[in-house]
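Trainee: Residue numbers (this note's numbering), protein chains in the order written: chain A, 305 to 508; chain B, 16 to 429.
For the record, the hints were derived by calculation from the structure and aren't laboratory data. Please note: incorrect hints may appear among the correct ones.
Claimed, not checked - Derived lysine-lysine pairs resembling DSS-like cross-links, with alpha carbons at most 27 angstroms apart:
| # | chain 1 | residue 1 | chain 2 | residue 2 |
| --- | --- | --- | --- | --- |
| 1 | A | Lys-462 | B | Lys-49 |
| 2 | B | Lys-382 | B | Lys-284 |
| 3 | B | Lys-295 | B | Lys-173 |
| 4 | B | Lys-20 | B | Lys-49 |
| 5 | A | Lys-462 | B | Lys-58 |
| 6 | B | Lys-240 | A | Lys-462 |
| 7 | B | Lys-213 | B | Lys-240 |
| 8 | B | Lys-88 | B | Lys-213 |
| 9 | B | Lys-173 | B | Lys-225 |
| 10 | B | Lys-17 | A | Lys-363 |
| 11 | B | Lys-295 | B | Lys-284 |
| 12 | B | Lys-173 | B | Lys-121 |
| 13 | A | Lys-370 | B | Lys-225 |
| 14 | B | Lys-425 | B | Lys-257 |
| 15 | B | Lys-49 | B | Lys-17 |
| 16 | B | Lys-20 | A | Lys-370 |
| 17 | B | Lys-425 | B | Lys-382 |
| 18 | B | Lys-173 | B | Lys-382 |
| 19 | B | Lys-225 | B | Lys-240 |
| 20 | B | Lys-361 | B | Lys-287 |
| 21 | B | Lys-20 | A | Lys-363 |
To be verified - Which chain A residues face chain B? A few, computed with CB under 7 angstroms, are given here:
| # | residue |
| --- | --- |
| 22 | Leu-376 |
| 23 | Asn-424 |
| 24 | Gly-425 |
Glycine residues also receive a C-beta, built at the ideal position from the N, C-alpha and C atoms.
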Amino acid sequence: MKKGTKTSYLLKGTPSALLVLGAGFVMASSHDIRAALGMGAAVLVALLLSSIVVSALHKVIPAYVKLPAYLLIITGFVSLISMFMQAHFPEIVDMLGVHLAALAVSAVIYRDAEEVADHNGEATSIKTAIVTGIFFTVVMVACALIREIVGNATLWGKPIAFMQEYKISTIAGVFGGYLVLAIVMAIINKITKLHHHLDEEEEN
Amino acid sequence: MKLLKTFVILLVIVALFGGAMYGLNLYTGPIIEKNNAGAANDKLNAVMPGGTGYEDITATLSDLPASVTEVHKETSGLGYVILCTAESSYSTAPMEITLGVSADGKISGVEITAYNDTESFDFRAKDPNYLTSYIGQDSALADVGLVAGSTFSSTAFKNAITEAMGILIANDMIAAGVKGDDQILTELIATVAPGFTKLTEEAGIGNIQKILTAENGTGFAYIVKSGDATVLAIVNAMGVCKVYNVEGADVTAENDGVVTEVTAHAATKPNKFTDDLTAKIGRMMEGAADITPVALDTFNTVVSAASFTLDGATYYGFYARSIGFHQMDVFFVIDENGAITKMDAKQFIFDEEYFMAFGGMDVGAYKDGFVGITGETFTGDETIIATATMTSNAMKEATQDAFDAFNALKGGAQ
Numbered sequence: 305m306k307k308g309t310k311t312s313y314l315l316k317g318t319p320s321a322l323l324v325l326g327a328g329f330v331m332a333s334s335h336d337i338r339a340a341l342g343m344g345a346a347v348l349v350a351l352l353l354s355s356i357v358v359s360a361l362h363k364v365i366p367a368y369v370k371l372p373a374y375l376l377i378i379t380g381f382v383s384l385i386s387m388f389m390q391a392h393f394p395e396i397v398d399m400l401g402v403h404l405a406a407l408a409v410s411a412v413i414y415r416d417a418e419e420v421a422d423h424n425g426e427a428t429s430i431k432t433a434i435v436t437g438i439f440f441t442v443v444m445v446a447c448a449l450i451r452e453i454v455g456n457a458t459l460w461g462k463p464i465a466f467m468q469e470y471k472i473s474t475i476a477g478v479f480g481g482y483l484v485l486a487i488v489m490a491i492i493n494k495i496t497k498l499h500h501h502l503d504e505e506e507e508n
Numbered sequence: 016m017k018l019l020k021t022f023v024i025l026l027v028i029v030a031l032f033g034g035a036m037y038g039l040n041l042y043t044g045p046i047i048e049k050n051n052a053g054a055a056n057d058k059l060n061a062v063m064p065g066g067t068g069y070e071d072i073t074a075t076l077s078d079l080p081a082s083v084t085e086v087h088k089e090t091s092g093l094g095y096v097i098l099c100t101a102e103s104s105y106s107t108a109p110m111e112i113t114l115g116v117s118a119d120g121k122i123s124g125v126e127i128t129a130y131n132d133t134e135s136f137d138f139r140a141k142d143p144n145y146l147t148s149y150i151g152q153d154s155a156l157a158d159v160g161l162v163a164g165s166t167f168s169s170t171a172f173k174n175a176i177t178e179a180m181g182i183l184i185a186n187d188m189i190a191a192g193v194k195g196d197d198q199i200l201t202e203l204i205a206t207v208a209p210g211f212t213k214l215t216e217e218a219g220i221g222n223i224q225k226i227l228t229a230e231n232g233t234g235f236a237y238i239v240k241s242g243d244a245t246v247l248a249i250v251n252a253m254g255v256c257k258v259y260n261v262e263g264a265d266v267t268a269e270n271d272g273v274v275t276e277v278t279a280h281a282a283t284k285p286n287k288f289t290d291d292l293t294a295k296i297g298r299m300m301e302g303a304a305d306i307t308p309v310a311l312d313t314f315n316t317v318v319s320a321a322s323f324t325l326d327g328a329t330y331y332g333f334y335a336r337s338i339g340f341h342q343m344d345v346f347f348v349i350d351e352n353g354a355i356t357k358m359d360a361k362q363f364i365f366d367e368e369y370f371m372a373f374g375g376m377d378v379g380a381y382k383d384g385f386v387g388i389t390g391e392t393f394t395g396d397e398t399i400i401a402t403a404t405m406t407s408n409a410m411k412e413a414t415q416d417a418f419d420a421f422n423a424l425k426g427g428a429q
C-alpha cells in the first residue's frame with residue numbers, strides 16, 4: 305500500500321462530501337463539546353458494529369433485500385446504543401434529543417454498510433468504520449470548540465469569565481453552526497487536495 | 016422460496032435485535048427510571064438537602080390558596096417542598112418560588128425559579144444574602160426583614176412564604192412558629208396604617224423601642240413599652256395618634272403616656288404638607304377663603320386635610336401621597352355633597368420616555384374625568400392611564416383614601 309492511499313474509503317474519496325451526508329448530526333451536536341463527544345462515540349460504535357455485522361452477513365443476505373436488512377441492522381444497533389446512553393449519559397441524550405435516534409437513518413452509516421462492508425471483509429470494514437467515526441468525532445469536536453467558546457463563552461458547559469464580554473451568540477445558533485461547518489469543510493478540502501497532490505507526485 | 020428466504024432473514028434480524036433490546040432493557044430500564052425520577056427531584060432537592068423521593072400531596076390538602084401550586088412530601092420524612100408564587104405591583108408575571116420546609120417547621124431552603132418583577136427592584140441583587148436569611152426560620156419569620164429599595168417585591172415574596180407555610184400549619188403538618196410581641200405589632204402596621212409605605216427602621220429612645228418612618232411621609236409607627244406590655248403607637252402626618260395592643264385592639268384611651276411620648280417625638284420631625292395643601296387650594300380654587308386645616312384620625316395616604324369656603328359654599332381639600340412608579344402628590348377638592356370638584360397632581364408621569372403612550376395623553380381631560388365622582392360612584396376605572404399601571408393604581412389608592420378621609424371628616428372633625 306502506497307503512503308497516503310487506500311487508508312480507507314473515507315480518505316480515498318472526498319471527506320467533505322461525506323461530511324455533507326452527516327451534516328445533520330454534526331450540526332445537532334456541535335454546539336457543545338460534551339454533545340459532540342457523545343454523538344461522536346455513538347456514530348463510531350454504530351458504524352463499527354453495523355460494519356462488522358454487514359460484512360459478515362453480506363454474502364448471506366440476497367441483493368434485493370439488502371436495503372431493509374441493513375436498515376434493520378443499523379436501526380437495531382442505534383436503538384441499543386441509545387438505550388445504553390439513556391442509562392449512563394442522560395444529560396448528553398437530552399442535549400442530542402431526537403438527533404441520536406435519527407442516526408438510524410443516517411446516510412453516513414448506511415453508506416458505510418452498503419459501499420464498504422458489503423464489498424469487503426471484516427478487517428477493511430472495521431478500519432473504515434473506525435476512521436470514519438474518528439473523522440466525524442474530530443470534526444464535531446472542532447466545530448463544538450469554536451461554537452462553545454466563541455458563541456457561548458463556555459467550555460464543557462463552564463463559563464469562561466474573560467470571554468463573557470466578547471461572545472458572539474450567532475455562532476452558537478443555527479446560522480453560526482453552518483458557518484463554522486463551512487469553514488471546517490474548507491480546511492478539510494484544502495488538506496485533502498494537498499494530500500492527493502502529494503500522492504500523485506509520489507506515484508509519478 | 017425467494018420470498019420465504021427474505022422473510023426468514025428479516026425475521027431473524029428483527030428477532031436478534033428484539034432479544035438484544037429486551038436483554039439490554041433489563042439492565043438499563045431500572046437505571047433510566049431512576050435517572051428520570053432523579054431529574055424530576057432535582058428542583059425539589061435543591062431546597063430539601065438529602066431528599067430521596069417525593070409524593071405530591073397537593074390534592075389532599077384543604078384551604079389551598081391560589082398562590083400555592085404544588086405541595087410535595089419527602090418520602091423519608093425530612094419535610095415538605097412547596098411550589099408557590101408571589102405577585103407585587105411591580106410584577107409582569109407571578110414570581111415562582113420553591114420552598115423547602117423541614118418536618119420541624121424550619122425552612123430548609125428557598126429558591127426563586129422565575130423572577131418576573133421589575134429588574135431594577137430585584138431584591139436578590141440589592142441584598143445577595145436575603146434568600147439565605149430565610150433558612151432556619153420557622154413560620155414566624157422573626158429574623159427576616161424586607162429589602163430597602165425593593166420593599167414591594169420583598170414584601171410580596173415574604174407574604175408568599177408565610178402563606179405557603181400557613182398551608183402546612185393549617186393541615187397540621189408542622190407547628191406554627193411563635194411570634195414575639197415586637198413582630199406581631201410590626202406586622203399590625205400594614206392593617207391599621209395601610210398608607211404607611213416603605214417603612215425605615217431606627218432604634219428608639221426612652222420607652223420607645225423601635226421607630227418606623229414611612230418613606231411617603233404619611234406618618235410614624237412606634238413599638239413602645241407600656242408597663243409590662245408592649246404596644247404599637249401610630250402617628251399620622253396630621254399629628255393624630257392611635258395605640259394598639261398585641262391583640263390589635265385600640266387601647267389609645269388607656270395609654271395617655273404613650274400618646275404624649277410618641278406625638279412629642281413626631282413633632283420633632285415636622286412636615287410642610289398643610290402649607291402645601293393650603294397653597295394648592297389657593298391655586299386650584301381662586302377666591303377660596305377661611306382655609307382651615309383639619310386633623311383626621313385616618314392612617315391612609317392622606318397627609319393633610321382642610322376645609323374652606325368659596326362663594327358661600329363649603330369645600331374640603333385633601334392631599335394624598337400614594338406611591339406609583341415614584342412618589343405621587345395628589346390633591347382633591349370635594350364639595351359638601353361628597354363629589355370631587357377638582358383633582359390635580361404635581362406630576363402624573365415621571366419618565367415619559369418609558370411610558371411611550373403618555374405622549375398622547377390628554378392631561379386636562381384626565382383631570383376633568385374626576386369631576387363629579389363621589390365615593391359611591393367611584394369604580395377605580397376613572398384613574399386608569401394607559402401603559403402606566405403603577406401610576407393608575409397609585410391614583411386609585413389616593414382617590415379612595417380622599418373619599419375615606421372625607422367620610423371620616425363628615426363623621427366628626429377631630
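Trainee: Decide, hint by hint, whether the structure agrees.
Mentor: Taking the hints in turn, this is what the structure says about them:
For the given pair, Lys-462/A sits about 26 angstroms from Lys-49/B by alpha-carbon distance, which is consistent with the 27 angstroms threshold. For the hint pairing Lys-382/B with Lys-284/B, the CA-to-CA distance comes to about 33 angstroms; that exceeds 27 angstroms, so the pair is violated. Taking the CA atoms of Lys-295/B and Lys-173/B, the gap is near 39 angstroms; set against the 27 angstroms cutoff, the hint is violated. Pair hint Lys-20/B plus Lys-49/B does not hold up; C-alpha atoms about 43 angstroms apart against a cutoff of 27 angstroms.
In summary, the hint linking Lys-462/A to Lys-58/B is supported, as the alpha carbons are separated by about 20 angstroms, within the 27 angstroms threshold. A threshold of 27 angstroms between alpha carbons decides the hint, and for Lys-240/B with Lys-462/A the separation of about 56 angstroms lies outside it, so the pair is violated. Proposed proximity of Lys-213/B and Lys-240/B is supported: the alpha carbons are some 24 angstroms apart, at most 27 angstroms. Proposed proximity of Lys-88/B and Lys-213/B is contradicted: the alpha carbons are some 36 angstroms apart, above 27 angstroms.
Pair hint Lys-173/B plus Lys-225/B holds up; C-alpha atoms about 21 angstroms apart against a cutoff of 27 angstroms. Distance check on the hinted pair: Lys-17/B and Lys-363/A sit about 15 angstroms apart at the alpha-carbon level, within 27 angstroms; holds. Under the criterion of a C-alpha separation no larger than 27 angstroms, the hint pairing Lys-295/B with Lys-284/B is consistent with the structure, at around 22 angstroms. Our distance criterion of 27 angstroms between C-alpha atoms is met by Lys-173/B and Lys-121/B, whose separation comes to about 15 angstroms.
Proximity of Lys-370/A to Lys-225/B is assessed by CA-CA distance (about 88 angstroms); at most 27 angstroms being required, the pair is judged violated. A threshold of 27 angstroms between alpha carbons decides the hint, and for Lys-425/B with Lys-257/B the separation of about 20 angstroms falls inside it, so the pair holds. For the given pair, Lys-49/B sits about 47 angstroms from Lys-17/B by alpha-carbon distance, which is inconsistent with the 27 angstroms threshold. For the hint pairing Lys-20/B with Lys-370/A, the CA-to-CA distance comes to about 12 angstroms; that is within 27 angstroms, so the pair holds.
Distance hint between Lys-425/B and Lys-382/B is fulfilled; the C-alpha atoms sit about 25 angstroms from each other, no more than 27 angstroms. For the hint pairing Lys-173/B with Lys-382/B, the CA-to-CA distance comes to about 37 angstroms; that exceeds 27 angstroms, so the pair is violated. At most 27 angstroms may separate the alpha-carbon atoms for a hinted pair to count; Lys-225/B and Lys-240/B meet this at roughly 10 angstroms. Note on Lys-361/B and Lys-287/B: the hinted pairing holds, with a Cα-Cα distance of about 15 angstroms set against a maximum of 27 angstroms.
In summary, the hint linking Lys-20/B to Lys-363/A is supported, as the alpha carbons are separated by about 13 angstroms, within the 27 angstroms threshold. A cut of 7 angstroms between beta carbons decides the hint on Leu-376/A: the least distance to chain B is about 5 angstroms, and the hint holds. A cut of 7 angstroms between beta carbons decides the hint on Asn-424/A: the least distance to chain B is about 20 angstroms, and the hint is violated. For Gly-425/A, the interface hint is violated, the least distance from its beta-carbon to any beta-carbon of chain B being 21 angstroms, above 7 angstroms.
Checked against the numbered hints above, the structure violates hints 2, 3, 4, 6, 8, 13, 15, 18, 23, 24; every other hint is satisfied.
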